[in-house]
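Novice: Residue numbers (the working numbering), protein chains in the order written: chain A, 1 to 653; chain B, 1 to 115; chain C, 1 to 524; chain D, 1 to 173.
Since the hints were derived computationally from the structure, they do not count as laboratory data.
Note that the Cβ used here is the ideal one computed from N, Cα and C, for glycine as well.
Accuracy of the hints is not assured; some may be wrong.
In silico DSBU-like links for lysine-lysine, alpha-carbon gap of 35 Å or less [stated by the list, open to error]:
no. : chain 1 : residue 1 : chain 2 : residue 2
1   : C       : LYS68     : C       : LYS114
2   : A       : LYS405    : A       : LYS29
3   : C       : LYS216    : C       : LYS114
4   : C       : LYS114    : D       : LYS170
5   : D       : LYS79     : D       : LYS137
6   : C       : LYS460    : C       : LYS216
7   : C       : LYS460    : A       : LYS29
8   : C       : LYS413    : C       : LYS427
9   : A       : LYS25     : C       : LYS460
Listed next, with one range per pair, are the computed distances between beta-carbon atoms [as the list claims (entries may be wrong)]:
no. : chain 1 : residue 1 : chain 2 : residue 2 : range
10  : C       : ASP496    : A       : LEU593    : 55 to 63 Å
11  : C       : ASP496    : A       : PRO417    : 37 to 45 Å
12  : C       : ALA48     : A       : VAL58     : 48 to 56 Å
13  : D       : GLU3      : A       : VAL614    : 57 to 65 Å
14  : A       : GLU110    : C       : LEU11     : 40 to 48 Å
15  : D       : PRO150    : C       : TYR164    : 29 to 37 Å
16  : D       : PRO150    : C       : ALA61     : 39 to 47 Å
17  : C       : GLU424    : A       : VAL203    : 26 to 34 Å
18  : D       : LEU157    : C       : VAL178    : 40 to 48 Å
19  : C       : PRO493    : A       : ASP357    : 19 to 27 Å
Covered stretches of chain D (in silico footprint by chain B; criterion: 3 or more residues with CB under 8 Å from a CB of chain B, positions within the stretch not fixed) [what the hints assert, rightly or not]:
no. : stretch
20  : 4–17
21  : 30–43
22  : 64–77
23  : 93–103
24  : 137–150
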Amino acid sequence: MEVSWLHLIPLLPLAGAAVCGLLGKWLPKAWLYAIALVTVLLSFCIGLTGFLRLPEEVPIFHEVAFNWFSAGSLHVDMGFLFDRLSGALTLVVTGVGFLIHVYSVGYMDEDPGYWRYFAYLNLFIAAMLTLVLGDNLVAMFVGWEGVGLCSYLLIGFWYTDEEKAYAGRKAFVVNRIGDVGFLIGIFVLFNATGSVSFAQLGVAPLTLATASIAALCLFIGAIGKSAQLPLYVWLPDAMAGPTPVSALIHAATMVTAGVYMVARMSHLYTSAPGVLALVALVGALTALWAALIGTAQNDIKRVLAYSTVSQLGFMFIGVGVGAFFAGTMHLVTHAFFKACLFLGSGAVIHGLAGEQDLRRMGGLRKYMPQTAWTFAVATVAISGIFPISGFFSKDEILAQALHTKAYDFLTLGPGGPHLTSLGTILYLVGSFTALITSFYMWRCYFLAFEGEYRGPEGVHPHESPGIMTSPLWILAALSVLSLVIGLPEPWVRGSFLEHLNWEHFTGRLFSPPRGGPPAGFSPWPGYLVALAIGWAGFGLAWLLYAPARAASGDDRFAALFPRLRNAFANKFWVDEFYDWLVVRPLWSFARGLWRIFDATIIDGLFINGSAQLVAWVAALARRFQNGDVQRYAAVTALGVLALVYAFLLRSSP
Amino acid sequence: MVDFFHAHQAQHYLVLAALLFALGAAGVVLRRNAIIVLMSIELMLNAVNLTFLAFARFPLVANSPMQGGFSQGHAAVFFVIATAAAEAAVGLAIIIAVFRSRTSVNVDEFDSLKL
Amino acid sequence: MSWLEAHLLTLVIFLPSAGAVLVALLPRSEGGQHKGVAFIFSLATFLASIPLWTSFHSGPARFSFEQKSEWAPSLGFSYHVGLDGVALLLFMLTALLGPIVVLSSWGYIRSRVKEYALALLLLETAMLGTFAALDLVLFYVFWEAMLIPMYLLIGVWGSERRIYAAVKFFLFTFIGSVLMLLAIFWLWSNSGAPGHRTFDYVALLEQGALPAERQKWLFLAFALAFAIKVPMWPLHTWLPDAHTEAPASGSIILAGVLLKMGTFGFIRYAMPLFPSAANQWAPAIAVLGVIGIIYGSLMCMAQTDLKRLIAYSSVAHLGFVMLGLSALTAEAVSGAVLQMVNHGISTGALFLMVGILYERTHTRELAAYGGVARVAPAMAAAFVVITLSSIGLPGTNGFVGEFLILLGTFTAKGMGSWTIGTAEFSKGITLAVLAASGVILGAVYMLWVVQRVFFGPERKAASHGMADLNLREWFTVAPLLLAIVWIGLAPQPLLDAMRRPVDEFIERVGRPQRAPPTAPGNKE
Amino acid sequence: MAEAVLFYLFAAGVLAGGSQVVLRRNPIYGAVSLVGCFFFLAGIYVLLSAHLIAILQVLVYAGAVMVLFVFVIMLLNLKEEELGELRFTFWKVVGLVAVLATAAVIAWRALGPAYPSTGPARDNAILLAAEGFGGVKAVGRTLYLAAVLPFELTSLLLLVAIVAAVVVAKGKI
């Protein structure tokens, strides 16, 4: 259905950003907060209204705001597409975004750059909404790069700290690498179909080769944006930004854009099963890789960052096995509990006057009970312990991986072995990762909230004000309540909950994988295993980091696996490896190229060399120009003789 | 009259002009005194004038292609004379100016033009 | 058509010259009246050029606002001016930059102010004339006339090594121009019987294609002149020196307009006049463009001098433009033309900002900067926005241009392919992918600059109470910022204006006409 | 016949005067012999029917210009030791040889077959003589009709020369 109000959803926060950014310095604080919050809230309300009024038969709202640019055969509209997927994500973005705005009012109140902060935050919401709502790849790319920009600005928010500024730059550049992949993906699709809009791409017939290349290129974009191997390195560093930013951008919304894009392009990805398998594999590897690193981090935000990378890996397993609904469902639930976790960590940091080191926390449950409770709820959710949302969404992914038929047609090379067992491998890796996830999340909880207070002297841990704790409670509640969208479809069939069931809800939205969706399996075995895994992780954490002796838990862990833990703690030396492999060689190469090629060969040898040659010739010629007029006259006479000779004796008969 | 033309065609005048030109050129090349150099230049100019007049008098075609006919040769001589007068005036002025600063009129001592 | 309408273009072109006459008549003095006159006249030029934009519509005529007066009919040259969409955009850009340039060095230029104002005004007329000329001699006259004021701007009001830079600039440009002049004469002598020869661009264009063998050499002669001006790798080394030594106003003109002369020359003269040669050389030019993109970006990463760095970034950006022009698809050429405008705005603005910084700190060393954002937040914000435009972030003008160029190149099937071993690589796709890496490198070096200059702890240059943008500086920066966002959000009017000339360009160059067969045995 | 005698007489005078200019060490003798040379040259011009030019030669050259020379020579009043010796250097010899060779080539060529004794040149010359060729009227018509622009420009040239001579010679104005 064509409507004319969709553009308001991203436009309102954008207007808020403009007002805050241009006038914020002079506006009274209260006004500024009001503008920033109300614009987001209004967007949420519009989104909610639209969501509830989506027509049943064709659940799509569509609007072409204006023709952005067209040249040759290319036609790019600034158009918006509001269907069940983008609608739900709009609600998540504006909803969680609004809560984080509220939280930020408390968190950033004392920072002199608060107006800048809210401008960026609103700009981010606008960009993210453009990404989600864009009805074509280019509009999506606008949001895609826009969120990257906001991420850059917010990570480097405290720009006087060189390291934080560097982290922002790193995030942007690494994202750019992915973005270029995304761009090339757009070009491939345009080259093949002559269009960039989802509506036409969703039905365009594509050859396997084109689909694979396009899917691969777009996935490179997703790898960058969603921090997957090998481009995940920016996300942990991105924790340099204010904590609410980490919650909103680097956990709940922006980083999930890659998952959203793959789901949005399900038609393309199901046409390229090889790339689909790659998506799942990358997701699984990243999930495991980041979870392992997460076990040995001491910065509370870094633990959460690696857990985000790991959870994103889970989502990619979900979309990679063709279960787009499972991946996106985890996206939604993850948004709630991860935002809750990050905000909780923010409250901890706030209450400890900036302390982020888990080793210098402990026993905080006594000082900040609300934070501790909500943190615990979210930890339960992420560990996949029954019955909170994470359990269902994560298990749905694993179950879909185990039973997937997406790879049935896939062989390893022409005539090679079939890849039917790939799903099982993914399941095993995913389950093991779930175990580790549960372990490190509980470790984090125990270290921070249980045991004795080990923090710095003179700091009085205290609970945060209500404006910060209330979003925590709401998010914790959402983490619990969102379990309803993950209940297995057979359980809710017929009841009013059916409409809330994610699989049912998004049913017609995604193209099924080539082998069709897995059907007719019982969820119970998977649930039992998952339950066991969740508790096992908790148990392991308890063994090593039991509240009473949490402080020495790391030592016990190190005693068990000394080398492994060292590798985890050093993040597998990936940053150092990239530095050695790419960063430093590139800069040295640039300098060498400049000195040797540009300055010496082109400029020195050719340019100044030819000038030098002219100077030599001139120096030679100068010896004849000695100022003696009579010698000039003599030479002239010689010339006249030559001319006369030539004219009179040579040329005429 | 006719016999005279028979005996004295342009070539005699041209040879005379060549010799006069050579004299002037030799003066320019050989003499150091700037005034004499200038006078030698006048000689050369007159040699050129002589050629103009000779060719104007003994044309190879019946009608001149130029407007004004063969008198154009005379017009050219007229301009040369005017130019020569101007040149002599400026040249002598330069000689005076140089003599003031260098107290010499020897051209081989004037070499400030060299790079 | 009223008299004013018929002569509007000429009036706009020569309005700055009128200002120059006035400046010349004013007595030499210490006060600001010379700069004032220059500002008023350049502003008036811009205001007078606005009707050109508003009343421009692609009618049946190829060129709007055309005016032709005989000059020397026996020699075949005339005063013939007119604008098509492409020229109009660059013309408007020049008119917009005019007053900004005058304001930019208002406080910095303190010596020989009268001559300075004269040079700026004459330069503006020459630049406007170059874009509007439709006669090769007129074009050449304006083209060379730009050289002299620019040479003086660098050589008189520049910094330490200004003489070296000015001479280098002059010689580079001049060497190319001379060959172009020869080619122009050749075209003229070939354009008809004696007495009926012409230098008129339109007439020459309509005469049809020359033999391919001839086209090759003539194209090379024109292309060399323009390639130096662009500048294309490896003829770029005059640019860093000229930019580094020139005063801010000179740098803005250089980046904003003069470099466009090269690319404009390609799209207006070199390629349409010699279509089959252009078609034949296009892949080579595209390769040089891509080399320029990557090489220029790498050079940026190696610089320690702020202005030199931005100068090298021009090499990269102009590489994009050349790539787009030589891709010969409507998308890429449109993108290239748009990118010319974009580069003029954003790199002009970058040099403006650097000039503002330099005026305060008197250093261009990156190492001396740091933490400027803390003392001058508005300056930092403006710089960041310009940076984003320069690295082509969506929502700014840079994105649309780069996107169209890359997309157009990617889909350029006419370029053929390279064969390496058994694998076949489409030239368009390969070049687009390589060029896209420039997008990454662009972010690397520009954000590095932002961090180095504005972020981090306050270093030497920022410490002695640096003032934020003052009102005059706001007046110079704000129009450019507005243009960045405006073109980024609504580029369509610009694309509409250039549609017709771009289509004609593609029509002519993209599919080469059958060139008359060359002499037997001269098989190409 | 008389004309032939006159021609050789005048030619001898011209060459004698010219060589005195080159060979005389003191410029004042040179100047005086140059005047003589110009007079003889005027005679040659008459033989060529260039009556107006011959008169101008005497008036302008032998009169005005040479007076200027003599005046300057007197003004400078060079002393004996300032006159300078005639010194032969390598380049002077080269120049002299080149000059003589040039004259020889021209003379040899002029005496060659380009102007046959009979033929068009002779016929044309006879025709021309009948038309008052070289008189004031003929030359004047050419000057004022065909070459009026250069003629007027000459006045400008002379003006410039006057100004230049004053500026250069005066030193300080």
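Novice: That 40 to 48 Å hint for GLU110 of chain A and LEU11 of chain C (C-beta), does it hold up?
Specialist: Violated: the Cβ-Cβ distance is about 60 Å, outside 40 to 48 Å.
Novice: At the C-beta level, are PRO493 of chain C and ASP357 of chain A separated by a distance inside 19 to 27 Å?
Specialist: 56 Å, violated
Novice: Under 8 Å between beta-carbons, do enough residues of the stretch 137–150 of chain D, three at least, approach chain B for the coverage claim to hold?
Specialist: holds (count 9)
Novice: Is the Cα-Cα distance between LYS413 of chain C and LYS427 of chain C 35 Å or less?
Specialist: This hinted pair holds, its Cα atoms lying about 8 Å apart.
Novice: For the pair we were handed, LYS405 of chain A and LYS29 of chain A, check the Cα-Cα distance against 35 Å.
Specialist: Violated, because 56 Å separates the two Cα atoms, which is more than 35 Å.
Novice: At least three residues with a C-beta closer than 8 Å to a C-beta of chain B: is that true for the stretch 64–77 of chain D?
Specialist: Coverage by chain B holds for the stretch 64–77 of chain D (8 residues, Cβ < 8 Å).
Novice: Hint check: LYS114 of chain C vs LYS170 of chain D, CA-CA at most 35 Å. Holds or violated?
Specialist: 33 Å, holds
Novice: Tell me if the straight-line CA distance from LYS460 of chain C to LYS29 of chain A falls inside 35 Å.
Specialist: 34 Å, holds
Novice: Confirm or reject the coverage of the stretch 30–43 of chain D by chain B under the rule of 3 or more residues with a beta carbon closer than 8 Å to the chain's beta carbons.
Specialist: Held - the stretch 30–43 of chain D has 6 residues with a Cβ nearer than 8 Å to chain B, which meets the minimum of three.
Novice: Would the pair LYS216 of chain C and LYS114 of chain C pass a check requiring their Cα atoms to be no farther apart than 35 Å?
Specialist: Given that 35 Å is the threshold and the Cα spacing comes to 46 Å, the pair is violated.
Novice: Measuring from beta carbon to beta carbon, are LEU157 of chain D and VAL178 of chain C in 40 to 48 Å?
Specialist: For LEU157 of chain D and VAL178 of chain C the Cβ distance comes to about 32 Å; the hint is violated.
Novice: Does LYS460 of chain C lie within 35 Å of LYS25 of chain A when you go C-alpha to C-alpha?
Specialist: Satisfied, since the Cα-Cα distance of roughly 27 Å is no more than 35 Å.
Violated hints, in rising order: 2, 3, 5, 6, 10, 11, 14, 15, 18, 19; the structure is consistent with all others.
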